[in-house]
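J.: Okay, here's what each chain looks like letter by letter:
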Amino acid sequence: MTANSPAVLIVEDDPAIQRLLRNTLKVQDYRVIEAGTGAAALRLVQSSQPDLIILDLGLPDVDGMSVIRDVREGSTVPIVVLTSRDDERSKVTALDMGADDYVTKPFGVDELMARVRTALRHRLAALGSRPIFRTGALEVDLVRRLVTLAGDEVRLSRKEYEILQQLVIHAGKVLTHRHLLREAWGNGEDIDVQYLRVYVRQIRQKIEKDPGRPQYVLTEPGVGYRLQVLEED
Amino acid sequence: MADISDGSGVQLNTAAANGPFASVLKAGRADAGSYLAATFAVILAFAAGLVVDAIVHAPSVLLVFLPAVLYSAMRFGFWQGLWASFLSVPIFCYFFGEPRFSFADPRHSLQFFKVTDPANIWALFVFVIAAAVTSTLANRLREKTEVAELQARLTRRLSGFSSRLSGTVTADDLFAQLVLQIRQIFGLEAAVLTPAGAGAELAIKASCPDGMTLKPADWTAATWCLTHGTWVGPGSEVSPGTLALLTPLRSATQVLGVVAVRRSAGRGPLSGDEIQVLETLCTQSAMTLERLNLTAKMQQAQVWSETERLRSALLTSISHDLKTPLASILGTVSSLRRFGERYDLRTRDEMLLTAEEEAERLNRFISNVLDMTRLDAGALRPKIEPADIGDLVGAAIKRTEKQLSGREFVTGIPDELPMVSIDFVLMEHVLVNLIENAIKYTPDGAKILIVAHSAGGSVILDVEDDGRGIPPEDLPRVFDRFYRARNADRQRAGTGLGLAICKGFVEAMGGSIRAANRDGGGARFSISLPASLHVTAT
Numbered sequence: 223m224t225a226n227s228p229a230v231l232i233v234e235d236d237p238a239i240q241r242l243l244r245n246t247l248k249v250q251d252y253r254v255i256e257a258g259t260g261a262a263a264l265r266l267v268q269s270s271q272p273d274l275i276i277l278d279l280g281l282p283d284v285d286g287m288s289v290i291r292d293v294r295e296g297s298t299v300p301i302v303v304l305t306s307r308d309d310e311r312s313k314v315t316a317l318d319m320g321a322d323d324y325v326t327k328p329f330g331v332d333e334l335m336a337r338v339r340t341a342l343r344h345r346l347a348a349l350g351s352r353p354i355f356r357t358g359a360l361e362v363d364l365v366r367r368l369v370t371l372a373g374d375e376v377r378l379s380r381k382e383y384e385i386l387q388q389l390v391i392h393a394g395k396v397l398t399h400r401h402l403l404r405e406a407w408g409n410g411e412d413i414d415v416q417y418l419r420v421y422v423r424q425i426r427q428k429i430e431k432d433p434g435r436p437q438y439v440l441t442e443p444g445v446g447y448r449l450q451v452l453e454e455d
Numbered sequence: 004m005a006d007i008s009d010g011s012g013v014q015l016n017t018a019a020a021n022g023p024f025a026s027v028l029k030a031g032r033a034d035a036g037s038y039l040a041a042t043f044a045v046i047l048a049f050a051a052g053l054v055v056d057a058i059v060h061a062p063s064v065l066l067v068f069l070p071a072v073l074y075s076a077m078r079f080g081f082w083q084g085l086w087a088s089f090l091s092v093p094i095f096c097y098f099f100g101e102p103r104f105s106f107a108d109p110r111h112s113l114q115f116f117k118v119t120d121p122a123n124i125w126a127l128f129v130f131v132i133a134a135a136v137t138s139t140l141a142n143r144l145r146e147k148t149e150v151a152e153l154q155a156r157l158t159r160r161l162s163g164f165s166s167r168l169s170g171t172v173t174a175d176d177l178f179a180q181l182v183l184q185i186r187q188i189f190g191l192e193a194a195v196l197t198p199a200g201a202g203a204e205l206a207i208k209a210s211c212p213d214g215m216t217l218k219p220a221d222w223t224a225a226t227w228c229l230t231h232g233t234w235v236g237p238g239s240e241v242s243p244g245t246l247a248l249l250t251p252l253r254s255a256t257q258v259l260g261v262v263a264v265r266r267s268a269g270r271g272p273l274s275g276d277e278i279q280v281l282e283t284l285c286t287q288s289a290m291t292l293e294r295l296n297l298t299a300k301m302q303q304a305q306v307w308s309e310t311e312r313l314r315s316a317l318l319t320s321i322s323h324d325l326k327t328p329l330a331s332i333l334g335t336v337s338s339l340r341r342f343g344e345r346y347d348l349r350t351r352d353e354m355l356l357t358a359e360e361e362a363e364r365l366n367r368f369i370s371n372v373l374d375m376t377r378l379d380a381g382a383l384r385p386k387i388e389p390a391d392i393g394d395l396v397g398a399a400i401k402r403t404e405k406q407l408s409g410r411e412f413v414t415g416i417p418d419e420l421p422m423v424s425i426d427f428v429l430m431e432h433v434l435v436n437l438i439e440n441a442i443k444y445t446p447d448g449a450k451i452l453i454v455a456h457s458a459g460g461s462v463i464l465d466v467e468d469d470g471r472g473i474p475p476e477d478l479p480r481v482f483d484r485f486y487r488a489r490n491a492d493r494q495r496a497g498t499g500l501g502l503a504i505c506k507g508f509v510e511a512m513g514g515s516i517r518a519a520n521r522d523g524g525g526a527r528f529s530i531s532l533p534a535s536l537h538v539t540a541t
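Read top to bottom, the protein sequences are chains U and F. Using the numbering used here, read the first sequence as starting at 223 and increasing by one per residue. Using the numbering used here, read the second sequence as starting at 4 and increasing by one per residue.
In case anyone wonders, no lab produced these hints; they're calculated from the structure. This one's a predicted model, so the numbers in the text were calculated from it and none came from an experiment. Using N, Cα and C, we set each Cβ at its ideal position, and we do this for glycine too. Be careful, since some hints might not be right.
Stated by the list, open to error - These stretches of chain F come out as covered by chain U in the derived footprint (C-beta under 8 Å, 3 or more residues):
#, segment
1, 249-256
2, 416-422
Unchecked claim - Calculated cross-link-like contacts (lysine-lysine; reagent style DSS-like; alpha-carbon spacing at most 27 Å):
#, chain 1, residue 1, chain 2, residue 2
3, F, K401, U, K431
4, F, K443, U, K327
5, U, K428, U, K381
6, F, K218, F, K208
7, F, K401, F, K450
8, F, K450, U, K431
9, U, K431, F, K300
10, F, K208, F, K300
11, U, K327, U, K248
12, F, K326, F, K443
13, U, K327, F, K147
14, F, K208, U, K327
15, F, K405, F, K326
16, F, K401, F, K443
17, F, K401, U, K428
18, F, K326, U, K327
19, F, K401, U, K327
20, F, K450, F, K405
21, F, K147, F, K208
22, F, K401, F, K386
23, U, K327, U, K381
Using the sequences plus the hints, can you model the full thing?
T.: Structure, rendered in structure tokens:
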């Protein structure tokens with residue numbers, strides 16, 4: 223752990239989970255800052271400038287959503303929220319308010335770290351992100367708007383490409399239905415989600431080896447879609 | 004005296020108080036038609052007399068008029084009988100008495116007419132008596148018949164009321180029937196008052212006519228009647244106000260309410276008989292009310308008993324199914340802490356893996372209990388939207404593929420399958436439950452097939468396996484809560500909640516689910532879901 227190691231702010235009040243997060247992150251050479259309340263979190267965001275925030279939405283005394291909103295007012299630091307199972311509405315709201323991703327409790331460490339790493343990768347990458355995205359056999363050239371699968375070109379319609387492009391730009395992160403509709407159609411409110419589903423089905427049929435068991439475009443039930451990045455840094 | 008009537012105007016308490024002559028003199032019919040008919044009867048008798056005269060000696064011919072007199076008295080009344088008598092004798096005298104066709108009587112100079120002949124006067128007298136007796140008897144018979152008919156009608160009414168009562172299912176229904184019946188039998192306004200709530204505050208529960216109102220004096224009387232349990236009428240301690248009578252509705256043990264009958268301007272007080280009929284109605288109603296109460300209590304008791312059974316099953320299940328994985332986790336972890344350095348790396352890893360798997364199992368179990376609770380509380384708010392079955396199946400497979408342990412998935416979802424109207428998240432739970440079920444009841448290496456096809460306006464989604472299948476005798480109960488199939492081998496039994504949750508969720512979305520055994524062995528769960536309008540992408 224050096225001064226340049228990424229700093230993670232943990233906003234959590236349960237001692238057991240605090241310990242778990244702290245130890246897991248430290249052992250992977252992250253720097254850990256802790257806050258037990260929303261107010262403390264906001265102060266620490268200002269003073270310590272963390273590279274990532276892990277925020278538990280279930281804190282009794284803290285309204286997680288307002289913390290996200292307040293943080294977003296002054297900063298673009300990535301936020302990964304911890305949510306409980308079956309609360310799709312909270313997940314979607316958190317994402318719409320500016321959170322980057324979520325982890326469902328109870329979680330395994332693999333899932334947590336995958337989200338953390340993805341969020342940090344997007345943060346650390348330059349704003350003009352890498353123009354060519356690769357994962358598995360899939361390659362997307364964002365500049366030439368060209369999609370290939372194991373070297374063979376895949377013909378996507380305009381809308382299909384827009385959607386895939388969003389997923390690629392935010393590779394590894396979950397994108398809500400609303401976000402995708404907004405980016406691909408320009409106005410997320412008027413279009414029915416079912417149109418999105420139809421397009422995703424078409425995309426899968428073109429790029430997945432088994433569209434019934436997708437490897438790249440994954441469904442997050444009740445929330446949206448995520449492009450799975452197959453290799454890890 | 005007031006009468007119990009259907010409008011027929013007959014008194015129940017009859018003429019015994021009025022004396023025998025009163026009944027004689029009581030008007031039968033008083034119209035001209037009856038006199039005309041009596042006259043006609045006499046004429047007929049006269050005609051018969053002509054016939055008889057040819058056969059029999061003159062004085063006996065007089066007797067031929069007797070039937071006419073009797074008929075007139077019987078059919079129409081005493082006065083008509085009298086009329087017939089006074090008609091018959093002169094006619095006889097004129098036409099049959101010697102010398103014929105004249106009223107003059109040659110035998111006696113003192114009498115002017117044959118008619119005044121003592122023999123004829125005597126006959127007249129006898130006729131009149133006969134008329135009187137006949138008409139009296141006829142009246143009495145008529146009266147008795149009418150009374151009997153009235154009684155019969157009343158009895159039919161009461162018995163009809165009784166059978167209507169046995170069919171009532173609510174107290175309100177009962178009260179409405181009662182006041183209607185009182186109105187129909189007595190022609191009086193009536194209302195049923197019951198305590199509204201735990202306190203003794205009375206309120207009108209039913210009245211005929213609707214919207215009957217009571218004066219303060221009436222309410223006082225009603226409250227008194229309720230608290231003392233005795234009837235209130237003229238001459239009782241408390242004045243009945245504007246009402247004729249208040250009767251308590253009482254069962255064997257308590258006073259359930261008060262029946263109030265309002266006085267009517269055109270009638271006097273109710274007679275003893277009438278009060279008795281009223282009491283009968285009230286007693287029957289009170290018994291029915293008691294029956295309704297008991298039935299309700301019994302149903303409640305049954306519901307509680309069933310709820311208790313489920314609650315107890317749930318507690319047992321939770322207690323066992325929570326504690327078992329916890330026991331593994333706690334045991335494993337504490338063992339590792341204590342003896343950690345003595346285990347070799349592989350053993351340690353195995354144990355930690357066990358702890359992890361048991362924790363996942365616990366997670367699944369708690370999720371099931373939460374789902375069941377949501378179902379029961381009616382807290383399920385399915386968000387129905389068009390969804391892609393392929394998408395759904397892919398998501399469910401992704402969630403469960405870690406547990407496959409040597410088994411494999413085989414899918415058959417056609418591309419052209421229409422979208423279905425479902426709540427995606429709930430349906431994913433259902434599929435996951437079915438897949439986990441299939442994993443639980445099949446050996447390693449088994450196949451789990453997920454196929455779909457469209458049928459009419461629905462899409463059928465089948466989750467099948469090639470394992471042991473479901474014992475046929477258990478098939479109807481397979482979706483019951485806490486049903487667990489008997490496990491012949493040493494496999495971990497499930498909670499018994501998974502399939503019940505599937506059924507609950509599927510039905511909450513407007514679909515249906517069935518269980519069957521496949522022809523080639525193994526189980527098949529078929530879910531039918533409504534297809535939504537096909538959306539084509541542009």
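J.: A separate judgement is required for each hint: does it hold in the structure or not?
T.: Quick rundown of the hints versus the structure:
1. 249-256: Answer violated; 0 residues pass the 8 Å Cβ test.
2. 416-422: Holds, because 3 residues of the segment 416-422 of chain F bring their Cβ atoms closer than 8 Å to Cβ atoms of chain U.
3. F:K401 x U:K431: Roughly 15 Å separates the two Cα atoms, so the pair holds.
4. F:K443 x U:K327: holds, 24 Å
5. U:K428 x U:K381: holds, 14 Å
6. F:K218 x F:K208: holds, 16 Å
7. F:K401 x F:K450: holds, 16 Å
8. F:K450 x U:K431: Holds, at roughly 21 Å.
9. U:K431 x F:K300: violated, 63 Å
10. F:K208 x F:K300: The given pair, whose Cα atoms are some 21 Å apart, holds under the 27 Å limit.
11. U:K327 x U:K248: holds, 21 Å
12. F:K326 x F:K443: holds, 20 Å
13. U:K327 x F:K147: violated, 91 Å
14. F:K208 x U:K327: violated, 56 Å
15. F:K405 x F:K326: holds, 24 Å
16. F:K401 x F:K443: holds, 17 Å
17. F:K401 x U:K428: Cα-Cα ~20 Å, so holds.
18. F:K326 x U:K327: Given that 27 Å is the threshold and the Cα spacing comes to 20 Å, the pair holds.
19. F:K401 x U:K327: With Cα atoms ~18 Å apart, F:K401 and U:K327 stay inside 27 Å; holds.
20. F:K450 x F:K405: Holds, because 15 Å separates the two Cα atoms, which is no more than 27 Å.
21. F:K147 x F:K208: violated, 39 Å
22. F:K401 x F:K386: holds, 22 Å
23. U:K327 x U:K381: violated, 35 Å
Going down the numbered hints, you'll see the structure goes against 1, 9, 13, 14, 21, 23, while the others check out.
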